[in-house]
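Colleague: Each chain, letter by letter, is given below.
There are 4 protein chains.
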Amino acid sequence: MKAAIIGGTGYGSVELIRLIHKHPHLEVGTVVSNSQAGKNFSETYPHLSGIIDQPLEKFDADSISNKNEIVFLATPSGVSSNLVPQLLDKGIKCVDLSGDFRLRSADEYEKWYKHSPASETYLNQAIYGLSEIYKEKISNSTLIANPGCYPTASILALLPIINTKIADYESIVIDAKSGVSGAGRGLSLTSHFAEINENLKAYKLGEHQHIPEIEQILSDENGSPINISFTTHLVPMNRGIMCSVYVKLNDSFSTEEVHQIYNEFYKNKPFVRVRPQGNIPSTKEVQGSNYCDIGLHVDKRTNRLTIISVIDNLVKGAAGQAIQNVNIMNGWDERTGLTDIPLYP
Amino acid sequence: MKAAIIGGTGYGSVELIRLIHKHPHLEVGTVVSNSQAGKNFSETYPHLSGIIDQPLEKFDADSISNKNEIVFLATPSGVSSNLVPQLLDKGIKCVDLSGDFRLRSADEYEKWYKHSPASETYLNQAIYGLSEIYKEKISNSTLIANPGCYPTASILALLPIINTKIADYESIVIDAKSGVSGAGRGLSLTSHFAEINENLKAYKLGEHQHIPEIEQILSDENGSPINISFTTHLVPMNRGIMCSVYVKLNDSFSTEEVHQIYNEFYKNKPFVRVRPQGNIPSTKEVQGSNYCDIGLHVDKRTNRLTIISVIDNLVKGAAGQAIQNVNIMNGWDERTGLTDIPLYP
Amino acid sequence: MKAAIIGGTGYGSVELIRLIHKHPHLEVGTVVSNSQAGKNFSETYPHLSGIIDQPLEKFDADSISNKNEIVFLATPSGVSSNLVPQLLDKGIKCVDLSGDFRLRSADEYEKWYKHSPASETYLNQAIYGLSEIYKEKISNSTLIANPGCYPTASILALLPIINTKIADYESIVIDAKSGVSGAGRGLSLTSHFAEINENLKAYKLGEHQHIPEIEQILSDENGSPINISFTTHLVPMNRGIMCSVYVKLNDSFSTEEVHQIYNEFYKNKPFVRVRPQGNIPSTKEVQGSNYCDIGLHVDKRTNRLTIISVIDNLVKGAAGQAIQNVNIMNGWDERTGLTDIPLYP
Amino acid sequence: MKAAIIGGTGYGSVELIRLIHKHPHLEVGTVVSNSQAGKNFSETYPHLSGIIDQPLEKFDADSISNKNEIVFLATPSGVSSNLVPQLLDKGIKCVDLSGDFRLRSADEYEKWYKHSPASETYLNQAIYGLSEIYKEKISNSTLIANPGCYPTASILALLPIINTKIADYESIVIDAKSGVSGAGRGLSLTSHFAEINENLKAYKLGEHQHIPEIEQILSDENGSPINISFTTHLVPMNRGIMCSVYVKLNDSFSTEEVHQIYNEFYKNKPFVRVRPQGNIPSTKEVQGSNYCDIGLHVDKRTNRLTIISVIDNLVKGAAGQAIQNVNIMNGWDERTGLTDIPLYP
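Residue numbers (my numbering), protein chains in the order written: chain R, 1 to 345; chain Z, 1 to 345; chain A, 1 to 345; chain S, 1 to 345.
Read the hints as simulated data drawn from the structure, not as lab findings. Please note: incorrect hints may appear among the correct ones.
[Said to hold, decoys possible] In silico DSS-like links for lysine-lysine, alpha-carbon gap of 27 Å or less:
#: 1; chain 1: A; residue 1: LYS248; chain 2: S; residue 2: LYS204
#: 2; chain 1: Z; residue 1: LYS204; chain 2: A; residue 2: LYS39
#: 3; chain 1: S; residue 1: LYS22; chain 2: Z; residue 2: LYS267
#: 4; chain 1: R; residue 1: LYS111; chain 2: Z; residue 2: LYS248
#: 5; chain 1: Z; residue 1: LYS248; chain 2: R; residue 2: LYS248
These numbers were taken from a predicted model, which means no experiment stands behind them.
Excised from the complex, chain R in its bound form (with noise of 0.2 Å):
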């Protein structure tokens, strides 16, 4: 099976080509890279260098409808919300990595985005791809909205104490870091390498625009609003997330009781690890990997519960969920082409 890139030159899709090119049933057909069109691909990446040479294109609905049978966007904001119409229009599924139709609402996406919303139409046809929540919807899915790296993170950390009743949801705080690869390839002074490396840096605080995403996803799950508090912090290595969540029990829970919530809960969902009693994992423990792995403790003196969540932001958190979601919507075992061991160290 066929799949096209579009956003060509981006990590997302460098990484997508590196998991489809070892997926038995994928293959990468149409790279669509409007800025760098003509330009072999091997060009602008060395490290594929003799395995894909191919030259990148310019988007063109026709010509990857006929060439291909699935389509990923690994596009900046306000980029796809133009394309997925015309794509789905000549009836090719779409997986989109960027947040356009993440967010069931219009407004809050203008809001946090800054830039024009998806039509509700399209919005309303997009599925949420948390496959470890929504694995049946992606099955039936023709436009799936792939979440972001730190609500993946976020939400499966949080996700078996949601809708329960031992945890106070106003106290949640997640505390979130991220390698540099996911502010992407764009030129910034803040992912400038003498700025950044031997340096910790926290951005963006009370207004990053997974904010919404995490409320949306966990509000639906508890059946009332949750809100969050949310920083986030840029940390000198290239891959990684970790989301350190803190949160208030209601009664006095022991770090085993909620070992077992998570095991419970997690059972039989492949890419999430629940670590046993105090083993917490780190980041590099999934690099390279589709793994999300979870660490858990209860302090007692607070009664608080910590929660550290680690995936790759490009795998977990991009292009291994997107493949993950093409796997379930073709009605493959999910773990097809996933199932590599973490590169350690």
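Position chains Z, A and S relative to chain R; hints supplied.
Modeller: Only chains Z, A and S this time, still in chain R's reference frame:
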């Protein structure tokens, strides 16, 4: 004035030497390392070649007190509790950079540090060397318990809103991140390059020995007990601590009002720089310097204040603060020898 | 086909496990670690949680040969010289990733490695596993001496101009740089994060044990002795080796002509990618993969050829090349299980 | 003495400000940045908050010469060739940190820099500011061409054996490695964090503009032309340059004899530290300081001398050396303001 240093081969000691060397009134005296006695200091630290070439010596209270006028102890936990009494008895003043004299309660020390505590006599004599609030006591002291790295950043972040009516002290969450030099020069897998490079790791959840130190000072200043949730993380960089502190506000305060409170509180404290609105410090912006920089943000959605404080763990978090205390003990301007611009980038 | 791994807790072993896990014809069999026997492998390497959860075992030649069909030895120098004979006597084939069987001369081994050499009988039996030139011998071998990381990058850089008339072999200078994983998982100050991060260090000047290995193979291929100047450096990154090789050309060759020679030499070697003119590879462009990428430049001012070769030290420089050798020994396509795209960025 | 700085927002400027701030006889005067004029300097560099809060100004030769007594130009190539004449005409002395006045030959400048050269009058007036050999000329100069970063490390590595009979000057190979701050603060994909972190990259093979500078000085000192092979590499760290220099010895010299030559040559040069035998410097051992540390090894197998020289590219390779030159121009001790211990770790 000659200054002796005990614990000569750790990062705390070598940073003390860097700062003493540029101090107008201090000079490096005896350097003690029982394990490396006889070796030349520049063999252990070649960057000192041609600058500090003296031999390391064994501990000898007589010799130290004869040849020096002040002693810095940069030893692991459980060591200075034995050495300080011998030195004080010889009439020489001590600044202890370890945790041995920070907790007033011997029981608490034993519980968190798993070592035998110092004797009550000396615990009572020790002054907690956070000059931003205890300057006068420091000026009259003979034994300084130099604050820990995390406590320095955490306490300075919170002080202006302690013992006010504006915050809910049960809601305090401190998410602390440190560069790897904080783990010292002792070999361990946690500090092994390939393990922690390109990695982010949470550690000692709910068990960090700095928790009671932070609570002791905040409770003292508050006049009633404060408990905190405190989690530490290792970041793949050498120097720098960031504390991201989250606290619920009791009423609806604006970021501007909170800024006024902080600016007022720190107006005569030369090493605390409260950043203007919208300006959040990063760790590299204090690298190699004695500054503690603070950024503030009020999230109106959740009525929660986020405080970002950064220090260089080896300077304001250790050796620099020790020098600042010695300045105060000697009646010198507290900035003496500490006015250099941070090393950037 | 079950593969045993001896030396189970080093980086070589864990990389073998990553590659065996994705190989269609291989499966992880016995994993031996005398020091950690009884422990579960994922305790030592939590990234393997839920994937490889088997216990580490003590060395037992009988048990290994009964349960496995091939053995990889990823042990420190001086260990496999004792173990390999026991294993070969049981009729099981061995791939040794250490240096114990690489040097034909027992005296040279003793001189450079400072260990007792393997016995001549087994040294004579060993085939140097550089498949780009010894593929046929490898296919018939029972004992492979898997090439060292630096030798792989150095020899592949030079082979096309060895035994030609175009270069002055007395002029060869190899400036080699490696990521820190090459120093292994054993603790040492050299691999301590705060010491090597933000640092660049030359080490073992003129004394590296890979010198005689490089000279042996180059001299063999040349038909007469070649001596090299070889210096190694540690670079603050996890993976990757770059050899910058300098050699005088006898006549005035253009970069283009040199490219033709290299392209011709490597035209059927799937893992050597000779980059086009003006395109110089960097280490990350082969990260996690079995490629050796080569860039070439002729400096007309000095008539000197500069060759830049890069590998991932743990893949083509160790575990990947070992798998490539096993593929050849079994008559499989040498690329089997090794075709993944490098992890970038 | 007030010092003006032109090119105010680059890393060279900010390092000058750090060093001027701690210099007993210098004070930061006018800071010029045409692109950011009007902005406060600490907006661009928040680490200067509360220390250097003055506005950036547009270039105005009159104003600069009225308010300052010395000018540092830390501008890109092709800029100071225009500005310096205007400043010298006002009677103010200039230290140019760019390459515009380093090459005596206007033609060579144009060939390597691809900019129009400075006029001959001013080229003839410029003194190459390598104080270890041109101290007297510097003391009488009005225009200093401050040496480049790579040339400083390369020339200091080779000087003691130039114009002797012991080395073969046609055999010189310089393998140079630099931290990423050397590439400046201008945005480019090469300095983009995710591209160069965990990566090692060779660049500008045979084309680096520092080649003619190194050759000019070595040839001058030798009395006859010397050509070198020179290759540059980017290392994933902020600061530091290492030059690994390889040169054939004409006779059989021991490492000891070579040490004597170096020790003798540098005995009165306070910033060059020749390390004892067996002791090879690493870049972090000079971090933040004006030292150039040199290690030596004679490989008897090949009769080749390896010289390892390290500097901080922003200090001895730029701002520190500029201060050293100003010290000499003013008759101060050349060490003034430059005696701080390197920042380690």
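Colleague: Output the indices of the hints that this structure fails to meet, ascending.
Modeller: none
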